[in-house]
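**Q** Sequence:
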Amino acid sequence: MGHIEHYEFTDIRSGANGVSYTAPTEAELQIKLQVKGVVTGYSGPFIKVVRAFPPLPPASVLRERAEREKYGYADGEVQW
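Mapped onto this note's numbering, the consecutive letters of the sequence shown carry residue numbers 4 to 83.
Hints listed in this document are in silico derivations from the structure and should not be mistaken for laboratory results. Keep in mind that the hints are not guaranteed to be accurate.
Claimed, not checked - Restraint-style ranges between C-beta atoms, simulated for each label pair:
{"hint": "1", "residue 1": "A69", "residue 2": "V41", "range": "42 to 52 angstroms"}
{"hint": "2", "residue 1": "R68", "residue 2": "E8", "range": "21 to 31 angstroms"}
{"hint": "3", "residue 1": "R71", "residue 2": "K51", "range": "20 to 30 angstroms"}
{"hint": "4", "residue 1": "P58", "residue 2": "E11", "range": "31 to 41 angstroms"}
{"hint": "5", "residue 1": "Y76", "residue 2": "T25", "range": "18 to 28 angstroms"}
{"hint": "6", "residue 1": "P48", "residue 2": "E70", "range": "28 to 38 angstroms"}
Cβ atoms here follow ideal geometry from the backbone N, Cα and C, with glycine treated the same way.
Start from the sequences and build out the full structure, keeping to the hints where you can.
**A** If you want it as structure tokens, here you go:
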């Protein structure tokens, strides 16, 4: 399985529902917040967000799917 991860911080003191800041690493998020002048600590923690997704199918399966689509065969139909 593959995954994508990033860090998130929500400042609940700004806006109606808070303002969310994201960055690929925790260090980059801290730098981004310092530049924006956001004070962290009492307003909430940094949250690590991980989104997982299934692996890609093998190249042979992708090639077969492309051929079926190209020639108009349905899935499971015998190609004689």
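**Q** Hint by hint, say whether it matches the structure.
**A** Results for each hint:
1. Range check, A69 to V41: about 48 angstroms between beta-carbon atoms, so the 42 to 52 angstroms window is met.
2. Between R68 and E8 the C-beta distance comes to about 30 angstroms, which sits within the given range of 21 to 31 angstroms.
3. At about 41 angstroms, the beta-carbon gap between R71 and K51 misses the expected band of 20 to 30 angstroms.
4. Taking the beta carbon of each, P58 and E11 are about 25 angstroms apart, not inside 31 to 41 angstroms as hinted.
5. Taken as a hint, the range 18 to 28 angstroms is violated for the pair Y76 and T25, whose Cβ atoms sit roughly 43 angstroms apart.
6. Our hint of 28 to 38 angstroms for P48 and E70 is violated, since their Cβ atoms are close to 51 angstroms apart.
In summary, the structure is inconsistent with hints 3, 4, 5, 6 from the numbered list given earlier, while agreeing with the others.
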